[in-house]
Amino acid sequence: MNTRILLFAGLRERLNKSEVQLDLPQGTKVCEILPILFGEEAAKLTRCTLFAINQNYVTPETELHDGDELTLIPPVAGG
Amino acid sequence: MNQIVITKEPICIVRLMEELSQHDCCGALVWFAGIVRNENDGKPVNQIYYECYEPMAKKELEKIVQEARQKWPIHQINITHHVGALPVGSVSLIVIATAPHRKEAFDAVQYVVDELKKRVPIWKKETYESGQEEWLH
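Read top to bottom, the protein sequences are chains A and B. At the far end of the first sequence sits residue 155, using our numbering, and the numbering has no gaps. At the far end of the second sequence sits residue 867, using our numbering, and the numbering has no gaps.
In short, the hints are calculated from the structure, not lab data. A portion of the hints provided could be inaccurate.
[As the list claims (entries may be wrong)] Calculated lysine-lysine pairs in the DSS-like style (CA-CA distance at most 25 Å, straight line):
1) B:Lys848 x A:Lys120
2) A:Lys105 x B:Lys789
3) A:Lys120 x A:Lys105
4) B:Lys738 x B:Lys788
5) B:Lys801 x B:Lys789
6) B:Lys848 x B:Lys788
7) B:Lys789 x B:Lys848
8) B:Lys847 x A:Lys120
9) A:Lys120 x B:Lys855
10) B:Lys738 x A:Lys93
11) B:Lys855 x A:Lys93
12) B:Lys789 x B:Lys847
13) B:Lys738 x B:Lys855
14) B:Lys773 x B:Lys855
15) A:Lys93 x B:Lys788
[Claimed, not checked] Ranges of calculated distance between the beta carbons of each label pair, as one might list FRET restraints:
16) B:Phe836 x A:Cys107: 19 to 27 Å
17) A:Glu89 x B:Ser751: 40 to 48 Å
18) A:Glu145 x B:Glu864: 24 to 32 Å
19) B:Lys793 x A:Pro151: 29 to 37 Å
20) A:Gly103 x B:Pro774: 46 to 54 Å
21) A:Glu95 x B:Ile743: 30 to 38 Å
22) A:Val96 x B:Glu748: 18 to 26 Å
23) B:Gln752 x A:Val96: 47 to 55 Å
24) B:Gln733 x A:Gly103: 36 to 44 Å
25) B:Glu864 x A:Ile112: 24 to 32 Å
26) B:Pro803 x A:Asp99: 44 to 52 Å
27) A:Ile112 x B:His831: 30 to 38 Å
28) B:Ser860 x A:Glu145: 31 to 39 Å
For each residue, glycine too, the CB sits at the ideal point set by N, CA and C.
The shape of chain B in the complex, shown without the other chains (with noise of 0.2 Å):
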């Protein structure tokens, strides 16, 4: 099973967990979480702006997820991406993946986040304490 959205509202790990379906042939879970950090190549950040080609986005996050789970034994993916503006220290994506053993599962998770940054149509644009903005590429 998977679950790909794309959200203004604040993104709630636990809540994330709840929602997952169990099943007993998973015996590892991993989940990785992108957080806004204060500085990028030695300027304090303030916040990011996120913004998404939503169908797009989708799409191809669909393919990314079908990749992975041609490569390992997946149960369930779950990928949970922010749009809009985030404070430092915010929950900006949530990936999470289950699997019968850990180590699929955590390289499940380590391929779609890597090629989600590369290829999924989502830009951000941070703001600096002096007020300056820009772009990221």
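For reference, chain A alone in the conformation it holds in the complex (with noise of 0.2 Å):
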């Protein structure tokens, strides 16, 4: 199941990458990807971190589909 992930801000600068293409299995949940990507800072990431997919809020429960692109979102602070 490919799934591309989009970062920004904090998490982008972490990874020094702006996007992420993963092949994962069926039925994948969202919270699942923090663990992949940022190891042992996942769990304090966790607490601060939303996520949208299609470019549309969704829980950390919500399954992944393939083709969805999983945005991660830190604390926002427009204005």
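Grab the two chains, each in its own frame, and use the hints to assemble them into the complex.
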């Protein structure tokens, strides 16, 4: 299952990438992505990261589907 | 009518006012400007860098505007947000609402700004006088 993951702000800087493609097993949940990308740091990041699939906010328990675009959203601060 | 703009260009309040569609039913025009402040948490700030996931930010702003329109009889809403680096004193955000009466225009602008800060995927990184940089939470 092919998933495109978009990274912004502090998360983009941590990986030094704005986008990652992952081949994931069927049924992978959104919340499982942070440990894959950030290892031990994931526990800390989970508390303050929101998720969007195809530009709509979703809960961490949402399952990904083939072709989804997942955006990892660190704390926003517009204005 | 809604106008939602994400821009790298300097924001000119006067030009935004001129572009508003006039309507005789509107007795109120309220605007809010966000300005880059020279300190945060006691640390002197030199500039703020704004980053945005533009397609989602525009969708989320459209949702916020629709919510505001369900709550108040707004004629026009204009939201303009800057992306990129801005020095202290620069305009980062303008929200304008026109309505028949002032209360609904004030309330709508307040609602849009509050929700924007909670949900719209825009991030800011401050650069301090010390040279340190920090993404705001």
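Hints, one by one, checked against the model:
1. B:Lys848 x A:Lys120: Holds, at about 20 Å.
2. A:Lys105 x B:Lys789: holds, 24 Å
3. A:Lys120 x A:Lys105: holds, 18 Å
4. B:Lys738 x B:Lys788: holds, 15 Å
5. B:Lys801 x B:Lys789: OK: Lys801 of chain B and Lys789 of chain B at ~19 Å, within 25 Å.
6. B:Lys848 x B:Lys788: Given that 25 Å is the threshold and the Cα spacing comes to 14 Å, the pair holds.
7. B:Lys789 x B:Lys848: holds, 14 Å
8. B:Lys847 x A:Lys120: holds, 22 Å
9. A:Lys120 x B:Lys855: OK: Lys120 of chain A and Lys855 of chain B at ~20 Å, within 25 Å.
10. B:Lys738 x A:Lys93: holds, 22 Å
11. B:Lys855 x A:Lys93: holds, 17 Å
12. B:Lys789 x B:Lys847: holds, 15 Å
13. B:Lys738 x B:Lys855: holds, 16 Å
14. B:Lys773 x B:Lys855: Holds, because 13 Å separates the two Cα atoms, which is no more than 25 Å.
15. A:Lys93 x B:Lys788: holds, 23 Å
16. B:Phe836 x A:Cys107: 19 to 27 Å: violated, 40 Å
17. A:Glu89 x B:Ser751: 40 to 48 Å: Since Glu89 of chain A and Ser751 of chain B have Cβ atoms about 41 Å apart, the given range 40 to 48 Å holds.
18. A:Glu145 x B:Glu864: 24 to 32 Å: Cβ of Glu145 of chain A to Cβ of Glu864 of chain B: about 28 Å, so the range 24 to 32 Å holds.
19. B:Lys793 x A:Pro151: 29 to 37 Å: violated, 19 Å
20. A:Gly103 x B:Pro774: 46 to 54 Å: Given range 46 to 54 Å: holds, Cβ gap about 50 Å.
21. A:Glu95 x B:Ile743: 30 to 38 Å: holds, 35 Å
22. A:Val96 x B:Glu748: 18 to 26 Å: Because 44 Å falls outside the window, the suggested range is violated.
23. B:Gln752 x A:Val96: 47 to 55 Å: holds, 48 Å
24. B:Gln733 x A:Gly103: 36 to 44 Å: About 42 Å separates the Cβ atoms of Gln733 of chain B and Gly103 of chain A, which means 36 to 44 Å holds.
25. B:Glu864 x A:Ile112: 24 to 32 Å: holds, 26 Å
26. B:Pro803 x A:Asp99: 44 to 52 Å: holds, 51 Å
27. A:Ile112 x B:His831: 30 to 38 Å: Given range 30 to 38 Å: violated, Cβ gap about 53 Å.
28. B:Ser860 x A:Glu145: 31 to 39 Å: holds, 38 Å
Consistency with the previously given hints fails for numbers 16, 19, 22, 27, ordered from lowest to highest.
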